[in-house]
Amino acid sequence: MDDTSKLLLQRLVRRIPTQMLKATLDKWGRLTVEQRQAMDFTQSKWALTQKLLSVCEENKLTLTHLAELEMIHAMENPNQGMWYTFQLLEPENDAQSVELTQFKQQFKCHLSELLRQMSVKIKKHTDEAVWIRIALGSSFSKPNHLKPTYVVHYLQTPYVFVRNLTSKLKPLLSQALTLATRHQGVKEANLSGRNLTSIRDLLMRQYQQVFPTKYRSPPEEEDQPVLNQHIEKEQGGVAAHRRHMAHQAFGDGMLPQLQSAVYMLDTKFRDPNNRTMTEREETFKCVVKFSSIDLLESLRSCASSGIASAPVTPLLSSIPLKGRNYFVVTDNTPGPSSQGHQTQN
Amino acid sequence: MSRLNPFAKLPGLNTASVLLVESEEHFQQSLAEALVEETSVTVNVRLAKSFPLPIENDESRPRIDLVVFIINLTSELSFQSAEASLKYLEPGYFLGKVCFMVTNARSSSVPAERLDAVRRLAASLHCPLLFAEEQTPQGVTNAAERLLTILKAAAGFVPFTTPLYLSNLTRCTLPPDIDQPSFD
Amino acid sequence: MRTPHNGAVVQRRSKTRSYRQSYRSCLGTASRLGLTPALTARRLNASRRAAKPQNDKVNPEHLALLVKAEWQLSYVTPLYQFRHTQLRSYSRQLAAFIVAEKQQGLAVEVSELHNSYRVSLSVVQGLTESEDDAETVLIQIHSKPMFARQDEPQRSVWSGWLTCVHGSPEYLRSLPKDFTCLPLFGSRGPEYLSRVVKSWFQKTFDCCFGSLEINHTSLQWFAALWTDCHSQSHIQHLRMLWTIPAAPPLQITYTVDHQDAWDLWNSVRKGPTAAVAEDAASIDLEEVTGFLQALKSHFYRHFRLDLSAGTLQQVSTAVGSAKSSGRIKMSNSRHVIATLTLLTECALLKMPI
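Chains A, B and C supply the protein sequences, listed in that same order. As numbered in the working numbering, residues 1 to 345 make up the first sequence, in order. As numbered in the working numbering, residues 1 to 184 make up the second sequence, in order. As numbered in the working numbering, residues 1 to 353 make up the third sequence, in order.
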């Protein structure tokens, strides 16, 4: 085993929690039953690494085998790292009939045509997702297995999720993807997050949504504990209305977990109290980033508690509606009430 | 503009009513629960986020004996909201039927200027200013006890005293050197 | 080296006493009702001079040690019998104290410990603004890593400073003889060393340390003061971090382009702008709050969310950054004095009277 393999194994053992290590190794299936039984998982990570190293030497396992192990771990723990989303455009007639073997073959073939030094592994996960691990090398060096790129794609859907994408790989990857999935192009979908399942749910609308209606739904007060008869809320109706508006904008029940939303504002500064700035020609440029451990939940709580005034601005409610969390906001038409938001790229 | 009037309605028998106004609607709930525990008189608590109060409740609302503005010092909005609400009260309320209650006054992120502003407001309206601790159950009970003392006087349950008399004794006063900037 | 012990103290005594008594006498019994003033009625100045870059007199090497690092701030009560002339002996004492603290709990004496810490206390010449300010003291602790080789050089493991820039003359002169006021303490390095250094100062100079948080008003001041520096040094951007009490808590980072921040700042300035009258440029609290208000209203217009409902946690520009937890970073050596002046004022507000 070379140094890179040793380093990769070391990092892997360090990253995988001890209680999960056994299951991951079982799944890997590169160790014999005796070897697996000989492993003592109560030992320190360092001792485990040494033990595994010697076993791997014994079985003559190589870097590619270790890459497999890493991929198993990555697939088991999809909610790590930052995932970025891409959307495939203009499907061709046969796009709906692409199946796994064909995709695998096409994808590998297109990529290897573009670049010699590359290691690609493709696996299908239980939930229909196709996981792709790409380790990229340069023309003078071997593929770098320490910093692989992960791509997740659900066949027959237009969405692709990517982690650790390098600028070098980006054009190659988009080309291979469009060809293999029988599409014409690909663009960034402006959605990113740590939680892969959440951003997938958000894009594929797999969460409970409320559709905007004109009519007030029956008051949601029922689930609140009955207050003492001597305590009465003066503005209970208003509060219920606020809650209703919040649920209309952000949906009911559990929401997909997003960590942040970014707005690039490039709009005129308008303030009746500040004539100098209002009359200024240039726009006021700023970047606003909202972040929270569960952004949509926070925003819903802001709206229902009244911190954010009702109705919720389309800027915020379009995060779940449009399934994106990166926006460029500009004044698109001159005029006093023009506060549209226009999306770029 | 419909204003709240202290004497537009008849009082209920052995009943005192208090209106808690808090823009964040956070502390008022636990405070209300502590207030209605009182057994010697029936305490009615009305909760509001800000004034004006909805007109449709005018009928059902009892005579309000005491209006309490709860101000959370860590939020600038809390003070601004209370300040804006004041104009919806009939002047009669300021004869001993309004008080201010401040929370989070000891938080390190609170600039002293904000407490000064509340103090100034309370002093200018001749109203008492109370400090409360909202984090602990003990603090909530204490706050409720203090409010009950004022409420009972405001509702006329305490013999030989009037709300105006009590508020004259307890109203917030400004220290003479509040405007002194720093040392020089 | 000078340790300002004020000769004029004796004559001023009568005035000083009345100054003190005015606070004491107000402390009545009914403090729960807000009848009394808070313990001290002193407030931050409502107006201050714009930052002027003037650090020519400070040794650039010393200055370089202060900038580009993040410091955890504390306030310190006046030091009793502190002499700027004795720094060398203090260095030795502090080094011995650190070793003694390390030694605690060890059964055998470890000889290596003796020379493992090198402490130096030195004066940062010129980091003062007025006659009454005591000279800034820089403390550096060098040590070797735990398992270092013999010949490996010692590295700086901890540093800190005590300063007083433009302290209120009235307060400084009201101090009794033998007290030196260096109210602002910044430290950087492992927490246990900070603790040991503080406890040595407490024992030696009979003073007290307390954490110095930067409150909402001071953060607003920093936002304005640093933006005001833009005419002299590029601020890159003005970044503010707000937290909103939603569940779970929401953080909002609001970053404004440098030119737009500068234009907005000039539009809220009342008097002649800084560019017109360099000397007379004083900034009022009113302008500062107006600036922040304008930023908030722009935000509200887009998101219909009032930032006033939350708290300002952090302000940063290329000139410096300040956090409400009491961490400060001065990135530009030209504006160190302005930053330290405001912080000294904050620290002095914590002083017992």
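Hints are supplied without guarantee of correctness; some may be wrong.
Said to hold, decoys possible - In silico DSS-like pairs for lysine-lysine, Cα to Cα no more than 30 Å straight-line:
| id | chain 1 | residue 1 | chain 2 | residue 2 |
| --- | --- | --- | --- | --- |
| 1 | A | Lys289 | C | Lys68 |
| 2 | A | Lys45 | C | Lys198 |
| 3 | A | Lys285 | C | Lys68 |
| 4 | C | Lys270 | A | Lys268 |
| 5 | A | Lys285 | C | Lys144 |
| 6 | A | Lys268 | C | Lys68 |
| 7 | C | Lys296 | A | Lys322 |
| 8 | A | Lys285 | C | Lys102 |
To be verified - Calculated from the model, a selection of chain C residues having no Cβ within reach of chain B, i.e. all distances over 10 Å:
| id | residue |
| --- | --- |
| 9 | Leu44 |
| 10 | Arg49 |
| 11 | Tyr192 |
| 12 | Leu193 |
| 13 | Phe205 |
| 14 | Ser218 |
| 15 | Ala294 |
| 16 | Phe299 |
| 17 | Ala309 |
| 18 | Thr311 |
Hints were generated in silico from the structure; no laboratory data involved. Bear in mind that the values here come from a model prediction, so they are computed numbers and not experimental data. All C-beta atoms in this analysis are idealised placements derived from N, C-alpha and C, irrespective of residue type, glycine included.
*Quick one: which hint numbers does this structure break? Sort them smallest to largest.*
2, 5, 6, 8, 9, 14, 17 and 18
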